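Peer 1: Using the sequences and the hints, build the whole thing.
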Amino acid sequence: MPIDAGTVEKIAALARLELDPAERERLVRELQAILSYVEQLQAVDVTGIEPTSQVTEGDPPPLRADVAGPCDVRDEVLAQAPDRDGDYFRVPKVV
Amino acid sequence: MMRPPDSTRTGAGSRWTLSTASEIADAVREGKASAEEVTRAFLAHADRTSDRLGTWLHRMPEEALRAARAVDLKRTGGARLGALAGVPIAIKDNIAIRGIPTTCGSKILEGYRPPYDAHVIERLREADAIVVGKTNCDEFAMGSSTENSAYHPTRNPWDPSRVPGGSSGGSAAAVAAREAPLALGSDTGGSVRQPAAFCGVYGLKPTYGAVSRYGLVAFASSLDQIGPFARTARDTALAYNAIAGPDARDMTSRAEAKPVDLAALDRGLQGLTFGVPRELLEGDGLAPEIRSCFDATAEAFRAHGARLVDVSLPNAKYSIATYYLIAPAEASSNLARYDGVRFGLRAPAKDLREMYEKTRRQGFGREVRRRILLGTYALSAGYYDAYYLRAQKVRTLIRADFMKALGAADALLLPVTPTTAFGIGEKVEDPLAMYLNDIFSIPASLAGVPALSFPAGFGPTGLPIGLQLVGRPFAEETLLRAARAHEGWNDASKKAPPIATEAAA
Amino acid sequence: MSAAKPGAAAAPALDEAVQARYEAVIGLEVHAQLKTQSKIFCPCSTRFGAPPNTQVCPVCLGLPGVLPVLNKRAVEFAVMTGLAVGASIRERSVFARKNYFYPDLPKGYQISQYDRPLCEGGEVEILVEGKPRRIGLVRIHLEEDAGKSLHPEGKEGVTTTRVDLNRACVPLIEIVSQPDLRSGAEAVHYLTKLRQILVYLDVCDGNMEEGSLRCDANVSVRKRGDRELGTKTEIKNVNSFRFVEKAIQFEIHRQIGLVESGGRVSQETLLWDSARNVAEPMRSKEEAHDYRYFPEPDLLPLDLGRPWIESLRAALPELPDALRGRLVREHSIPEYDAEVLTETRALASYYEEVAARSDQPKLASNWIMTEVNAVRNKTGQPIEEFPIRADRLGAMIRMIAGGAISGKIAKQLFELMLADPAAPDELVRRHGLAPIEDGEALRALAREVVAANPGPAAEFRAGKEKTFAFLVGQAMKQSRGRAHPEKLQDALRSVLVEDR
Ligand SMILES: [Mg+2]
Ligand SMILES: [Zn+2]
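Protein chains in written order, with my numbering: chain A, 992 to 1086; chain B, 2 to 506; chain C, -4 to 495.
Bear in mind the hints are in silico, worked out from the structure with no lab data behind them. Please read all numbers here as calculations on a predicted model, not as lab measurements. Yeah, the Cβ is synthetic: ideal placement off N, Cα and C, and Gly gets one too. Treat the hints loosely; a few may be bogus.
[Said to hold, decoys possible] Calculated pairs, EDC-like style, for lysine to aspartate or glutamate (alpha carbon to alpha carbon, straight line, at most 20 Å):
1. B/K359 with A/D1050
2. B/K359 with A/D1011
3. A/K1084 with B/D352
4. A/K1001 with A/D1011
5. C/K231 with C/E204
6. A/K1001 with C/D285
7. C/K67 with A/D1050
8. C/K143 with A/E1048
9. A/K1001 with B/E283
10. B/K259 with A/E1009
[Unchecked claim] Calculated Cβ distances over 10 Å to all of chain A for the following chain B residues:
11. L66
12. T274
13. A497
Peer 2: Structure representation (structure tokens):
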């Protein structure tokens, strides 16, 4: 599937990545090269094959019992927040 | 170069820096050495070498010495010391240590200090290991050369004009240069095994689920595993034992991960069958020196009592395509949390949208941005079935190939890399060419099976060559046992790069 | 109606005949917060109202390197809800990541469920004008909540948003109904019933003010008889029972008005503004939503296994419908009474105890539905805190039935009992509320009344039967209602005759 500048623009917006025109052009080329390469997967017969999203075997650890534990990282985290307002994180207003 | 064991001269450091982790742990446990003197030796050696290599992103001399003294105090207090008593260990910078910068080689995490320890860090401390610093890596573990670090490249200790491999290049270089006897890295598509091969050390990617990922900054969650670097098979086993096993904080960790029986490592190759995936070897691009090293090693395995059989991994050729859809897709989601809201970099902006876009544009490097976009594309509406879902199905086929092959053989023997370490700057402009180098390491990652890179020889210019053993789930012991046997007749792992044995000035 | 402002298109007043030509199609998406002690993927407390960012840890802050660990109780609560509404429970459900950026979504994705939710199907029965209607459910899935963004509303010059992540990672179930509802009133019935079930199960506190229950409504209209659905809009933020009906009716009218005037409904998301009673389009998104769902690799598929599901089924408490049926059966009270009395499980238990103690099921029901509920409506007290416990009310009703007090006296006694925890017979004694039945005492009372009302007494004696009622009333008043009505009449008649 060919990828064009508009598509790159769209996915960059979805991924919240600023793009300048030069980078957009470069990315069209690079992503096109990678996507042409992965095109080979279209040739694989996957009829009736279940997708693998995890590869663990055996039993997982038990689910967590519903017991509240200590939450004491606020100060350590807020101290290194890029911006804060008292005990809140602060961000530019959502437009 | 080895100094007498009772040396008390200032240069005594090199005695310890050339020792294995097992030797150090034994000496410290028995009181023949203090953890502090061992730690000082490694710190002093790294003081001399690390600037030239660019091994570290953050060194922890004070914390290390404090920890070492605590271990010594524990021993003099009569307590039994752990399996890694007084053994310095280097930690890849994508593993969280409370209060210590953890950047993942990225500008977006510059200055960030986690408020918690990774599971492996807790385990290492329980084993009385000494964490000496955070090593350089490709940004968010995305890369095969450590050139994608936002801070500086790392150089190969065997040839500073070449890359150490990646993404765990700093950890591999640290062990090769004897700046630490052990290191931890993370392996998503080969990021432990490939730098281990380039740097002439052991690198183990455990079975998926064998080591808790709690505290490992996620790149591709279904592929990431923490693994150790060491200079002997036994040290690799020691480090693996220290970190493996289930963890209630990682639902993908598994109790099936049992410690390796160290005594079993000496059983030799008798009775073991190794599978050779022929069609993978026949692909073009495999350098002749690797091919001949592989053939010689296979022959030596047979000569030492192993049986060799050909196995087929018919879908392994699709591994790179599969991996470069699955890993970026997961990464695009895993890296969404770097948004400038709670920690790390935030770019000044007039509104929220701009804050996100500028922060992420400025904070992430080129390769990371490229993979985020690729992954976002693979998951987006209209493309999901053709890309991500299809890749997951092919992954099923690849995994089935491995299970079948590993039914016929105890382990597979194959190369780690098509070439020895390449030059710094040689491949940075062609991402696809860089990806294609991962053809031997990625398949085992997709299958979730354990894989060990072991030093097997040297190329004509003296660069290390590593080969790979791939085993059944949770059969790390078999891989280490084979590598231990190989050590018996092959001295590739015993050679050190010149920088490692430089005497103190 | 004044000209509508742009965006704030007020719903036009619609001709009833016009309205009647249309049918509204409504589906609700309800998010219910599960009543667990700790969050769904980390051990932080879920307590409401804690100071900002005090119930946070590396996991719910989405710090680099952390992993979610599923809370077993949250799973059980979700399964119980599914079982309670007759949904089919998936033995293997899958968590998925829903990817989008928002400052109160720490990881940049919400862990939710997508194509393999925990529960599918099921239904909720509601009573609409006394007739049962079954509202189908599409699904119930588990997910985590986001934190809270505090926007500077109306504050001039404030250009920042504050973020509190206490609520991030709190367990939710999302309950999606079929588009089976036809009016705002039905939506309220449905929501009320759903809330009742959740509260009966004790899996959600049902508190809409604190956000424990949140509702989004999908609304479309079509001409009656049309098979095809109209374009739907989604109204968000209808977070109180009061607003649900208003918001939905508003939107139905708006859409009908639009179609009637030749316009077309555009698919959009509206935000209900409860201060102004209008639904306004949310500021248009710069891009269409593309959540890029994919299976959460950090959590394996959730395998429940039949035995676990069955043990949860076996432990289900009696649910409102069953309890209602049982009350009708066992106590022979009307369906309507049972409906009122099963509002909460506690109220039903209260009723059952009153009925048992008094041995007067219908009288017990009457007293609770009228007197008890009247007081509670005024004070807002839950039945658990009502000052007259079931044993005392039961004893009082027994006294009425046994004739120890009259119904009228009982009302006075009830007032006293509200303020005084003493037993009802004790209060009757203390306040002299026992009925006057003694013939001599009643005759004395009659004499007093006759003496005080010579005119009417004379009229009665002259054959004007009507004045007798007046004299009875006066006597009853004099006795403060305590006089035994029949015996009083006898006494009065005999006094009037005797003293002629
Ligand atoms: Mg939801
Ligand atoms: Zn938490």
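Peer 1: Compare the structure with each hint and give your call.
Peer 2: Checked hints:
{"no.": "1", "hint": "B/K359 with A/D1050", "verdict": "violated (43 Å)"}
{"no.": "2", "hint": "B/K359 with A/D1011", "verdict": "holds (11 Å)"}
{"no.": "3", "hint": "A/K1084 with B/D352", "verdict": "holds (6 Å)"}
{"no.": "4", "hint": "A/K1001 with A/D1011", "verdict": "holds (13 Å)"}
{"no.": "5", "hint": "C/K231 with C/E204", "verdict": "holds (15 Å)"}
{"no.": "6", "hint": "A/K1001 with C/D285", "verdict": "holds (11 Å)"}
{"no.": "7", "hint": "C/K67 with A/D1050", "verdict": "holds (16 Å)"}
{"no.": "8", "hint": "C/K143 with A/E1048", "verdict": "violated (38 Å)"}
{"no.": "9", "hint": "A/K1001 with B/E283", "verdict": "violated (41 Å)"}
{"no.": "10", "hint": "B/K259 with A/E1009", "verdict": "violated (47 Å)"}
{"no.": "11", "hint": "L66", "verdict": "holds (24 Å)"}
{"no.": "12", "hint": "T274", "verdict": "holds (21 Å)"}
{"no.": "13", "hint": "A497", "verdict": "holds (36 Å)"}
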